[in-house]
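My request is simple: use the sequences and hints to build the entire structure.
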Amino acid sequence: MMFITKNERKTKKLAALALAAALMFAQTQSAFAQKAPNTEPLFKIEESALPEDAQWQAELSFPDRFGEVEDTLAPNSLYAFDFFEGQGYLFVQVGRDVAAFSLFVNQERVDTSALVGGRSYKIDISKIARNGKNILQAADIHVAAAASRSVSSPGSAAASPSATSSASDNAKVKVYVPYPVLLEEGGGQSEIDSDALDLVSQIIQSDIEHGFPCAQLAVAKNGRIVYKNSWGFINSYDTDGNPLPQNEREKITDDTMFDIASCTKALAANMAIEFLVSQKKLSLDTKIADVLGDDFYKKTINIKYKNGSGASLGQNKKWKAALTVRDVACHTAGFPAGPAYYNKNFNSTTQGREKENQTPKNKLYAGCGADQETREKTFESICKTPLLYEPGKRVLYSDADYMILGFVVEQITGEKLDDFCKKTFWEPLGLTRTAFNPLQNGFSKSDCAATELRGNTRGGTLLDFAGRSDTIQGEVHDETAYYSMAGVSGHAGLFTTASDALRLLSTLFYGGYGQNKFFDKDVLDSFFSPQDSGRANWAIGWYHQGDDRRSWNFSQSASRATVGHNGWTGTLVMLDPEEKLALAYFTSKRNTPYREENAYEFEGSYFTAAAPGFIPALLYEGIGNGSDKKSARLSLLADMVRDKFRLVEAERLKSGEPITDSEHPIVRAAYSILEVFVRRAKTDGSDQAAQLANEAAALLDPTRDADEIEKIKEMLK
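Under my numbering, the first residue of the sequence shown carries the number 113, and numbering increases by one thereafter.
Since the hints were derived computationally from the structure, they do not count as laboratory data. Everything numeric in this text was worked out from a predicted model, so none of it was measured. A portion of the hints provided could be inaccurate.
In silico PhoX-like cross-links for lysine-lysine, where the CA-CA straight-line distance does not exceed 20 Å [as the list claims (entries may be wrong)]:
hint, residue 1, residue 2
1, LYS489, LYS456
2, LYS286, LYS156
3, LYS528, LYS489
4, LYS416, LYS475
The structure is reproduced here in C-alpha cells:
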C-alpha cells in the first residue's frame, strides 16, 4: 500500500488546478480562433519595438495595475482610455516569463496566442475603437512554470493566474496607449450632414461676390477633419479701397496663412502656460514678480487714471507685487485694456488717442522701432504700468496681460516665445504653416492674407501716429505686437492656417496627440472651468460658453463647456469638449474700405461672413437625425434674411437718415444672404419655400432695391 504525504497531496492538487486552468485557457483561445475562420480579424497585430521618446496617454502594467489589491477587485484588470472611432493602436510588451494572458478591448478579445514573452507588439484597434471612453482589460496572466517556482512558495510546481504580483517586469504585461490624432474624412457617413456645410459655403461665397474679402474654415468632429474650405482672395482692394481687377487677384487656398490676432492668446501664450503648469515648472498661483523680478512692481510709476481706482502709488505697488499667473491669465489683474507703448501721443490719463502735438504725452512710451531693443524697453514700460483697478474686482480684457505671460514663458524656458512654441508644439505636431513673423521665417507675402488696406493710419484719418500706410500683408497687424514687440508677443502676432490651428486645438481634447503628451487632463479641466459664478463667460485665458454666455461666438447650441477665442482681424477658434467638435474660422474682414464717417467701421464687418457665430449655429443644426432638417434649415435661413434687413433698418436709425444707397455695405450684405435663400427656396420647390421666398422678396425697397428686385425675379424664373 502506498502512502501519500500531506505535502505531496498539496503539490498534486496545485499541479492539477494549474493544468486545468491552462487547458481551459487553451480551449478558449482555440474556440475564439475558430469562431469566424473566414472573416478578417478585428485586430491587426504586428511585432514592433516601442517607439523611442514616446509620451503616452497611459502606461499600464498588469497584473495588479494599482500595485495592490483594491477592495473593488476589478480595477486591477481594467482601464478606460480616450479615443475616437475608426482610429487607434496599442503597444503591448509581453514579459519574458509570461506564458499566456487574456486581452480585451471594448469587450472584444485580442488573439494573444501568438504573442511571445520577451517581445513587444503593435495592435491596431481601429475597427472597434469608439468615441470617448474605451475599455481595456488584461487578465488571466500565466507565468512559465520555472519562473513561477522561483517566486512562489516551496513545492509549487506550476503557474497560476496572477501568481507573481510582486514579481519583476519579466512576469508582467505592459500596455502603452497613445493619444488620438486628427484623420482626414474618408469613408462612412460624415458627422455633420453635407447640406449644412453646403449652406455655410453658400453664405460665405455669396458674401465674397458682394465684396467680402476672404475666409478659411476647418472643422473636426470626433477625431476627423470633416470639412475644409477657402473662399475669396489674398487681397481684393488697392490701398485706396478700389476693387482690384479680377485678373489681378490671387485666390486663397487651404494653405494661406492668416494673422489670427488675439487668437494668439489662446493658441500660443495660454497653451504655453498650460504646458508649463502640466510640467510642474509653473503654478497658476506663482507670483509674476517671482518670475520677472521685483522691478515688475518696484518700477511702477504714478498715473492718475481718469476712470481708475484712485489708489496711491504705494498701494498700486503692493497690488502688483501680489499678482499671480492666474490673475493675469484671467484678465482680472487690473491692467488697462491696451496701453499703447508704441504711441507717444497716447494719453496715459484718459487711455485715449490724442492728435499729434497735443499734451499730455504717453508716460509709458517705449519707442516704435519694431526691433529687439524696443521690445526690451517695452518690458520696462510694462513694469512701470500702474493698475487701473484693484485686482480681482472685475474682468477687463487687456493685451498687457498676455504680453506679460509671454515674458513669463520666456523667462522660465530661456527661449523666445516663438522658438519655444515651435519646438514644443509646432514641430511635434507637424505644423508647417504656423509662425510668428512669417516674412522672416521663409514665407512670402503671397503666403499670407492681407489684413488692412492703409496700414495703421486709415489713410491719415488717425492723426495720433504716423505708422505703416501700405496694405499690411505678412506682418502682424496689431500695432503693439508690431511696433513694441518686434512681431512676437503673447497677445498677438501668430500666423497660421485653419488646418494647423485645428491640430493645435485637438491636443486640448485629451492632452496630447499621437505619441506626444502636452497637458495633464486636470490642468485642462482647471483652465476650461469658469472663473466663478459671476464670471461664467470666462475660463482661464479662454472665452467660456457657460449658461448661453457666448452665443454670438459659439451659438446657443454649443455645450456649456465650450471654450474658444476670437481675434480683431476676423478670426475664431472654438472647442466643444462634449461634442468633440473643433473649429477654426479665419477671415480678413478688416481688409476692406472703411466708412468715411467712421474710420473704425470697415465695410467687411457688415457681412454675415464677418460674424463667425453663424457657422457653429449651422453646424450644430447639421448634427443629429431629425426627419425634417431641410425644412427647418430653410425656415432658419428665412429668419436670417429677415434679421439682416432689420439690421439695414437699424443702420438707418443709427444715422438718422434712410439708407438710399444700394452700394452701402449693409445693403449689399442683405442682398447676399437673400440671394442664398432664394436659390435654396427655388431648389426646394415646396409651397412653404414659395411662401417664404415671397415674404423675403417683400423686404426689398422698390426704389433703392430696384435692380435687386429684377435680379431676384430672374432667379425665381
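Here is what the structure says about each hint:
1. LYS489 - LYS456: holds (14 Å)
2. LYS286 - LYS156: holds (18 Å)
3. LYS528 - LYS489: OK: LYS528 and LYS489 at ~16 Å, within 20 Å.
4. LYS416 - LYS475: holds (11 Å)
Violated hints: none; the structure is consistent with every hint.
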